[in-house]
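Novice: Residues per chain, in single letters:
Protein chains: 2
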Amino acid sequence: MNIIPVIICGGAGTRLWPVSRETFPKPLLKLADGQSLLQKTFVRAADVATIKELLIVTNRDTYFLTKDECVCVESDVARVDYVLEPVARNTAAAIGVAAAVVRERHGPDAVMLVMPADQLIDNQAAFREAVLQAAQGAQEGRIVTFGIRPTAPETGYGYIEFDSKTLPQTPNVHQVVRFVEKPELSVAQELVAGGHHVWNAGMFCFTAETILTELEMHAPSVAEPVLAAVLEAKRSVSDDGTTIELDAAQFQKAENISIDYAVMERSDNVAVVPCELGWSDIGSWLAISELTAPDERGNRVHGEAELYDVDNCFVRSDERFIGMVGVSDVIVVDTADALLIAARDRAQDVKQIVAKLKRDNHDAYRLHRTVHRPWGTYTVLEEGERFKMKRIVVKPGASLSLQMHHHRSEHWIVVRGCADIVNGDQLISLQPNESTYIPAGHKHRLINPGVVDLVLIEVQCGEYLGEDDIVRFEDVYGRAPA
Amino acid sequence: MNIIPVIICGGAGTRLWPVSRETFPKPLLKLADGQSLLQKTFVRAADVATIKELLIVTNRDTYFLTKDECVCVESDVARVDYVLEPVARNTAAAIGVAAAVVRERHGPDAVMLVMPADQLIDNQAAFREAVLQAAQGAQEGRIVTFGIRPTAPETGYGYIEFDSKTLPQTPNVHQVVRFVEKPELSVAQELVAGGHHVWNAGMFCFTAETILTELEMHAPSVAEPVLAAVLEAKRSVSDDGTTIELDAAQFQKAENISIDYAVMERSDNVAVVPCELGWSDIGSWLAISELTAPDERGNRVHGEAELYDVDNCFVRSDERFIGMVGVSDVIVVDTADALLIAARDRAQDVKQIVAKLKRDNHDAYRLHRTVHRPWGTYTVLEEGERFKMKRIVVKPGASLSLQMHHHRSEHWIVVRGCADIVNGDQLISLQPNESTYIPAGHKHRLINPGVVDLVLIEVQCGEYLGEDDIVRFEDVYGRAPA
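First to last, the protein sequences are chains A and B.
Residue 154 in the UniProt record's numbering sits at position 154 of the first sequence, with consecutive numbering throughout.
Residue 152 in the UniProt record's numbering sits at position 152 of the second sequence, with consecutive numbering throughout.
Same shape as in the complex, but just chain A (with noise of 0.2 Å):
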């Protein structure tokens, strides 16, 4: 059987700001052992059957971000595909122009396992025999979804009623009864008593064709436009996959639905295999601090922290030392620019503060202070009149465009790794301790020829040192006026 797993890279993640943010959404935090939530969904992904193929729907500001996280984990999957969104549409039309590629390119046939990129599952073995079963209800033409059996009366999850009696030719697939939509506590109390409810894990199995008819069915402001974006997008082919960025226009077009509302609720072709994972949504910054093991103190610390004192305190720290005296019952994330201390139980409501950075239109909700490119990072170290300080980390084999800027120069310092510099009319090569100065107005273009990363230190001086001030002539990663 032909399984393509489809990861929907979304989720933004206000309630693990400031960690989470606009321009690196939840799927790219990273846990205590250093795996992000994208890749152990790429794994969980690849060790379901035998993968060869892999399909990923992002947003097109983050695909050379999402692509960096894929491309270091190590599987077996030759090939990964990257559908691009030009705006957020929804999990609808996400799974819509999915359905549409993996028709196009295996057949209308091929089974689809849809998986959200920010989800944790612990029992991969459960897992894989869930998909089994839900890939067999697939081929059959069914809807499969996920129905995780519920641990506690959770308030915050959809929950699924399925029927007790088993589909045929299908072991533990079950025709879905009814979607409950998020419930109160005395009715989810109720619920998990009743044994027939399991929650919406937002995971799904059908084959292109099924899923393609059904939305074509139930939510036409979807499927067309849906339809005419994949017709209409831009395909970069590459031996390892290709990239295939969704027309614009058409797309935007497309109706702002969840796949729950567009199709799940309407249709009568849905079943549910209902299952134990491990299975977590990670939530809240609860949710990440309950997967590190507590001291004797109920205290979970990653960073240089000391405690005095302290119960039951969850802190997350990159850099910075924390000291804590006399505190319990609190959550601690720092980051390089913003600071987060939340009680435990009002982990939820730290999606109020990212709403007010949003409101303010502060730097805090979109950015973190290391911004990511296709060719790599820089981090703005200092910032001062008249001057900005740059760490610059440019990938091996990677090159910014071809730029000039009118109000700063630059002052460019190798510390790392080698670097191929246009600077002008002029090609220079630097080695670390090496640097060059590239004036207001002069063409210029960074370039990684190695094969380690390229760490510049770059000083910006002049009168406005604002992002915009660039013009670029050239740039591989089609950033540039065509």
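Just so you know, these hints were derived from the structure itself, not from any lab.
A portion of the hints provided could be inaccurate.
Simulated restraints on C-beta separations [what the hints assert, rightly or not]:
#1 A/R366 <-> B/A88: 46 to 54 Å
#2 B/T292 <-> A/N312: 24 to 32 Å
#3 B/T370 <-> A/E74: 40 to 48 Å
#4 B/H406 <-> A/T50: 53 to 61 Å
#5 A/V451 <-> B/L427: 23 to 31 Å
#6 A/K182 <-> B/D309: 19 to 27 Å
#7 A/P439 <-> B/G34: 48 to 56 Å
#8 A/R366 <-> B/H407: 39 to 47 Å
#9 B/R149 <-> A/R366: 51 to 59 Å
#10 A/V371 <-> B/T292: 16 to 24 Å
Small disclaimer: the values here were computed from a predicted structure and weren't measured.
Glycine included, each C-beta is placed from N, C-alpha and C at the ideal position.
Following the hints, position chain B against chain A.
Specialist: The following block gives chain B in isolation, referenced to the frame of chain A:
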């Protein structure tokens, strides 16, 4: 009457970590209005009468930092002398050297007003009146202490019991009956109720001769080495005052004992001026927080923060954005490299964190990321393998030593002000957006010839980047070998 205020710069301020550190002690701590405790003390001292001269006793290591604080205070004080201690030897020795210096310059009958550099006094008029009363007592040959009328049964202060009758010819100066060490709460409650006890504020008034005689009588282990250390001190005379660097060999022989133990509790010549000054010894972050009016939920915020459902919290952050959710009664103090989170009612225990850092020989106990030097400051912005980056700020007219590094080369880029630079055999001048390169092994010197701060970015490259790789050839601050 000739009153010489003597400011004793002490106070490790371990309960005010992470702002207060060994190399940046409590008197330098800036309050919300931008003035440091030291500056406030200077202003207070300059205002007690017609003060033209003032003496400051401080550690040799914090001399330049101390002086920088004082020179920018506006006052009629025309001359400030500094006594530099090579090591800390407690208040008896500090007051002893001050008395010897005052006697030498102003004669035995000069009245000294001894003030710790790390306290606050709200009511300057009351303070001025109390000082004049105390000075009268001092002229009568008394040791006069200042006794704060207690407003609560504090257990963190020493108490002074006084005779209800005032001494002859000196209004409001009372004989001291006894000193009471920090009491238990029940004892403190009795003392406060009785009305004959005041808090020992650690401020004193006496003539130079009186205190030296008392020290010789009650604490020769302090008096003798102290007098020798002043006798053999190195003096640097300038128009605005003399800097007296105590002889280290002599001074370190002085017994490490407080003036209270050494003299006050042993002498029968001690008087007290009971007063109400709005006095605070700023003993903890709680005391600092109370200097700011709370908002309607009891929060006090200095810096950029978003509080969601937060009560009775104090937040101080210089640079970072802080988001808080659902917490109460917490003190948050953020600095570039270290963060404190403490329960309001545990503010005293912050010293436990500092004690641990000291045991671990952790930098966050001693140093800030910005390090003060006689010529200005440097801030480590980034450290990586084989490179380090600093922002260097040189005061107008100041000059670093003529120096050389064995292991590191330095790239210098001027971003503000102007620089004269000795680089090997060359003397060059740089303006903003100009740079130079100092190879390892080259003698070099950085000078700010201008009238505004010079700001320079330094990128160091080399196999070893420790601060101890420095050979000094000449130094205007006496840090080069003779």
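Novice: Per the hint of 40 to 48 Å, is the separation of the Cβ atoms of B/T370 and A/E74 within bounds?
Specialist: Since the Cβ atoms of B/T370 and A/E74 sit about 44 Å apart, the hinted range of 40 to 48 Å holds.
Novice: B/R149 and A/R366, beta-carbon distance inside 51 to 59 Å?
Specialist: Roughly 55 Å apart at Cβ, these two residues keep to the hinted range, so it holds.
Novice: Taking the Cβ atom of A/R366 and the Cβ atom of B/H407, is their distance within the range 39 to 47 Å?
Specialist: holds (41 Å)
Novice: At the C-beta level, are A/V371 and B/T292 separated by a distance inside 16 to 24 Å?
Specialist: violated (35 Å)
Novice: A range of 23 to 31 Å was offered for this pair. Does it hold for the Cβ distance of A/V451 and B/L427?
Specialist: violated (42 Å)
Novice: Determine whether the Cβ-Cβ distance between A/P439 and B/G34 falls within the hinted range of 48 to 56 Å.
Specialist: violated (39 Å)
Novice: Indicate whether the distance between the beta carbons of B/H406 and A/T50 respects the range 53 to 61 Å.
Specialist: Given about 59 Å between the Cβ atoms, the range holds.
Novice: So does A/K182 sit 19 to 27 Å from B/D309, Cβ to Cβ?
Specialist: At roughly 22 Å between Cβ atoms, B/D309 and A/K182 fall inside 19 to 27 Å, so the hint holds.
Novice: Is the gap between the beta carbons of A/R366 and B/A88 within 46 to 54 Å?
Specialist: holds (49 Å)
Novice: For the hint 24 to 32 Å, verify it against the beta carbon of B/T292 and that of A/N312.
Specialist: holds (30 Å)
Going down the numbered hints, you'll see the structure goes against 5, 7, 10, while the others check out.
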